Amino acid sequence: MKIPISWLRDYIDLDGLSVEDIARKLTLAGLEVDEIKYAGLPMPEYKDGEKHEFKTSGIAWDKEKLVVAEIREVKAHPNADRLTLLDLFDGKESQTVLTGAPNIFHLKGTGKLDKPIKAAYAKEGTTLYDGHAEGLQLMTLKRTKIRGVESYSMVCSEKELGISEEHDGIILLDDDAPVGTPLADYMGDAVLDISIVPNMARNANVIGIARELAALTGREMRKHGNTETGKQVKNAVRSPQSVVDLVEIEITNPELNPRFVMGMIRDIEIKPSPYRIQRRLRLAGMRPINNIVDATNYTMLDIGQPLHAFDYDVLVGRVGQIGNLSNRKIKIITRAAKDGEKIKTLDGTERELTSTNVLVCDEKSSLAMAGVMGGEESEVTAKTRTILLEGASWNPIATRKTAQQHNLPSEASFRFSRGVHPAMAEQGVKRGLELMAEWSGGQIAPDLVDVYPLKPKDPTITVTTKDVKRLLGIDLTAKQIADLLTRLEFECKVEKDSVKAKTPPHRLDIGEGVVGLADVLEEVARVYGYDRIPETRMSDSLPPQIGNPKHEWEEHARDILTSLGVQEVVSYRMTSPEREGRLVAHDEYVALANPIAPERRVMRRSLLASLLENVEKNARAESIAMFEIGSVFEPNKNNLPNEPRKLAIAMTGLRTQSAWDVKDSASFDFFDMKGRLELLLSGLRLSGISYTPTDGVTYLHPSKAAEVKVNGQTVGVFGELHPLVKEKYDFEDSPVIVAEFDLDALQSAAPSYGITPVSEFPPVLEDIAIIVDESVAAERVEGLIRQTGGKTVTRVRLFDVYRDEKIGAGKKSLAYSLTYQSEKTMTDAEAAAIRTKIVKRLEFEVGAKLRS
Amino acid sequence: MLDKLNEIEKSALESLQSITDSAALEAWRVSHLGRSSPLMTVFAGLGKLSKEERPAVGSGANRVKVALESALEERSKIVKSAALAKSLEEDALDVTLPGRGIHVGRLHPSTQQLRKVMSILADMGFQVYTSREVETDEYNFQLLNFPPNHPARDMQDTFFVEAEGRGDNPILLRTHTSPGQIHAMREYAATNPDNPPSIRIALPGMCFRYEQITARSEIQFNQVEGLVVGENITFADLKGTLNDFARRMFGQDARTRFRASYFPFTEPSAEVDVECFVCGGKGCGVCKNSGWLEILGCGMVHPVVLQNGGYDPSRYSGFAWGMGPERQLMLRYKIDDIRYFWGNDLRFLEQF
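Chains as they are written, first to last, in the numbering used here: chain A, 412 to 1263; chain B, 826 to 1177.
Some hints here could point you the wrong way.
Stretches of chain A that chain B covers, calculated by requiring three or more beta carbons in the stretch to come under 8 Å of a beta carbon on chain B [what the hints assert, rightly or not]:
1. 433-442
2. 1016-1030
To list a few chain A residues with every Cβ distance to chain B over 10 Å, as calculated [what the hints assert, rightly or not]:
3. Phe500
4. Asp501
5. Thr521
6. Gly542
7. Val560
8. Val725
9. Cys903
10. Val926
11. Leu953
12. Pro955
13. His1133
14. Met1237
15. Lys1248
To be clear, the hints were calculated from the coordinates, so they are not data collected in a lab. Please read all numbers here as calculations on a predicted model, not as lab measurements. Where a beta carbon is used, it is the ideal one built from N, C-alpha and C, also for glycine.
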């Protein structure tokens, strides 16, 4: 919402407050000022990088150099057909000003003007925007010669002064503009661009903001709206026939249309609004059209009530088409649209409607989409002489749905969809008629047609000093509470320690009961000032400290993995079946109804697939080791999906970081992954772990893949990515090793705690190498060594696997480093005895031969 | 014989003077003190000498042996120290060569920031509460006082999930962690429905908004929310607690400012700005010269929300706030493109 300061001054005295002060007060009270745009008022100057609280743009107008002037004659330029020379008086002296402005060109050569034209005159040296440049470029007026005539000053367009983008002609000021007055004093302005949050809808207008400022500063509001408008309407010239005799209204569903008010003005002349009105509309972001349309828009911006002007004579004609009008009123009917019903709106579009949409109709057919956009047929045209002016109250939900459905966001639908109090309908029509009378010379018909079947509650809320203490933590007396609320026009009655506050008839955001209490307490806090509320520490006792073991466990797993040199990543949850399909195919997904793009149209089912995309993106890195912990989403028909937690790890590239003297080019392989998994699982204090080969995982290499079991239960798989799967990604040559774990299964395995005591006595270290068939798994050999060696063999480490002709085809040598340890100093003879037992056992069980 | 000894001594000492390395030194020892050296030959011949000659030659030979040994030791020290001096000089490193790297694993910056926030909250007695990412409209909106078609829904553009027959309760991706407020309150209240226990929890997790992916906007982001419910909780407590948090998070000198705002699930509501921690409030590019950084939204829990959670709003009150770890990181590290976070480029991640 763009609010010109000059307009605010209609309603509140702002002396002594800078534009920044005003913006700060509003911002802290919940009316956040996003930007201040200056159009004439003195502007604070900020050096580069210097603090300024608000985003600021625009220009200030030099009081010496920019003044109101009058154009006395428009003369021809001796050497250029399209240019004119103005004979202009700037309040002190006459000037000759060169211009190409099209909107005074027609006066060229007509001699001295009967009525001088008032204009914004910029003298030599003025800095303003370049009207001919793209965008906003500052320039300074310099003395020059154009086609042989000296030029040193100019008459300005709105663009040049920073009022709007308008540069089709020069500004033609109102006739009462005082010649010689600095332009900044006459119409210098600044515009606050304010974000209106949903419960502040009542403030999407100038009076609303002025009321807030009055409450926040403790200043008085100037008389406004209802009273003043009412008085002026009474004094205006009356046309003889009351609108009540000409128009009747039928509301078919008060829920959709709580109130409908109509007034009439006759004998209007359609013409442009006064310049000061056009300027305000433009500053507020609206385009001036003509005095009638401008009056409806001005009223909406002024007091928040959107209006709609019908051409009454068109309505009469329509009724004439369906029957005899004599002794018959025009009947306006509001109703829900029928599915499939059509209307041509004033933007020329034919729209197909549904029963969500609400229509304003006459007896013939529809006239307008209620609260959203008028119909083309009955809109105001240059020929319009009589206006039937609608001010109505529309259901917010229906308006919101209609605006969304037809993609018609408008100033009116913005307001109606957030709620406009029905009391405003009457005020709006009166204000609109008054402005039309003033700007068009028309005559207002007596009375209003007003049908008001559904009045809002305007709840009365009881606030006690105890409530304020309990919820805000401050001590206020009932009188203080009442004073704060009265500033916002609540009607307050103080009774001992409580205040009965009646909601003022311009707001719909105050509820009833405990909700109403919270609504009103927010107003107390806001007007009192959040900054004045003290800081306290909670006096409540500490609630139960229950922790979150599952979360803590996941964080622990993250720590272990990073300590193992694996980088954590976090991926998009959204993917596409095609992207995941490179790794694993699923038929069903949690699919989005409104994806941002086809490649993000479903929720991921495979965490590993997400991870591999990250590996792919980093494929040029010489070494990659990544993991992610997160949810995948398993569809569950039309119910909420399951969200199991998963862990995925991927590694590829160089095992050892290359350096200037390290040329090891070995790549990560299966056992690099396995080594990390062993450390991860032992870090999670899991035991009873086994690794069994698997060829059941489609994306893994069938002979380089294993299942990981904890106490016999499968918790994950890992291995080398299947070459055919790898081909589908843009990976480098080295193998990609992946692992995927089900965290719920992993977490459900019971951890075992305890340590192995560290002996004081020296151990005996010994290596043995045995030759076995290829088919004998290393895990079995190690198991037999441990079993036979018992407690005395404290460490078994496989340090070499070797094959050659001497050993024989189909055979391999496994070399182990054994550590013998007991609770006394071990002798070599004792160790040798155990070793002999081990070798015999291996010979017997797996046909091993000791390698000499 | 004694002359011969003098001769042996003289020539041995002379040849020792020119020795500069340990190998020559050893050769010298062998030839002058070894078994077949002239001196040892003298010792070996002592038995053949007359009784009269023997003592003088014996003591003379001993003297020469001691002299040669001590000369050898001396020379050996000189040779060693010369060798050390040489090696110290020769083995000089180019200290400007780069160090050898190792594979390092790091937490994703979002995880790091979440942990930072959560650890401060843990100190303040807040328990971690996590809940699902795909939610119902009921939990994400309705129970949080966003009725269907409420304009506040425009503030949270939503991803909906394809599902049939759900009427006014579609499935969606949560737009904030706040559905966890309802889950948590209901869980706590179920333990003692007539006298629900007070609550102090932190809710971290991934949230989703229907946005285009640009430098400034993302379709997913983490949020951490705090929720307090109890019988004596005030707006002043909200200010005190959040200021305590801000001072832990941004430093003990951190200044904050509470601006009135609007969220359907809190009332009164506020947005909190912290004085820019990059420039100290003087104005800089990070705070867009305003001196303030918007860091969180907060408010007293709306009575409707308390009620929906099983807490009687005429007896209980509470406050809640929410903030974004990625936003905090962007401000702190001057990150100008939010897409870095889920882009997972190692060159980005390795900087944290």
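Each hint tested on the structure:
1. Counting residues of the segment 433-442 of chain A whose beta-carbon sits less than 8 Å from any beta-carbon of chain B gives 4, enough to reach three: the coverage restraint holds.
2. Counting residues of the segment 1016-1030 of chain A whose CB lies closer than 8 Å to any CB of chain B gives 3, which reaches the minimum of 3, so the coverage claim holds.
3. The claim that Phe500/A lies off the interface holds: its Cβ sits roughly 43 Å from the closest Cβ of chain B, which is beyond the 10 Å cut-off.
4. With a least beta-carbon separation of about 38 Å from chain B, Asp501/A lies farther than 10 Å from that chain, consistent with its non-interface assignment.
5. Look at Thr521/A: its CB is around 52 Å from the nearest CB on chain B, clear of 10 Å, so calling it non-interface holds up.
6. At roughly 29 Å from the closest C-beta of chain B, the C-beta of Gly542/A stays outside 10 Å, upholding its exclusion from the interface.
7. No beta-carbon of chain B comes within 10 Å of the beta-carbon of Val560/A; the shortest separation is about 45 Å.
8. At roughly 34 Å from the closest C-beta of chain B, the C-beta of Val725/A stays outside 10 Å, upholding its exclusion from the interface.
9. The beta carbon of Cys903/A is kept farther than 10 Å from every beta carbon of chain B, the shortest such distance being approximately 19 Å.
10. Look at Val926/A: its CB is around 6 Å from the nearest CB on chain B, not clear of 10 Å, so calling it non-interface is violated.
11. Look at Leu953/A: its CB is around 5 Å from the nearest CB on chain B, not clear of 10 Å, so calling it non-interface is violated.
12. For Pro955/A, the shortest C-beta to C-beta distance to chain B comes to about 6 Å, within the 10 Å cut-off, and the non-interface label is violated.
13. Every beta carbon of chain B lies more than 10 Å from that of His1133/A, the smallest distance being close to 24 Å; the non-interface claim holds.
14. Every beta carbon of chain B lies more than 10 Å from that of Met1237/A, the smallest distance being close to 36 Å; the non-interface claim holds.
15. For Lys1248/A, the non-interface assignment is confirmed: its Cβ lies about 41 Å from the closest Cβ of chain B, beyond the 10 Å cut-off.
The structure is inconsistent with the numbered hints 10, 11, 12, although it conforms to all the rest.
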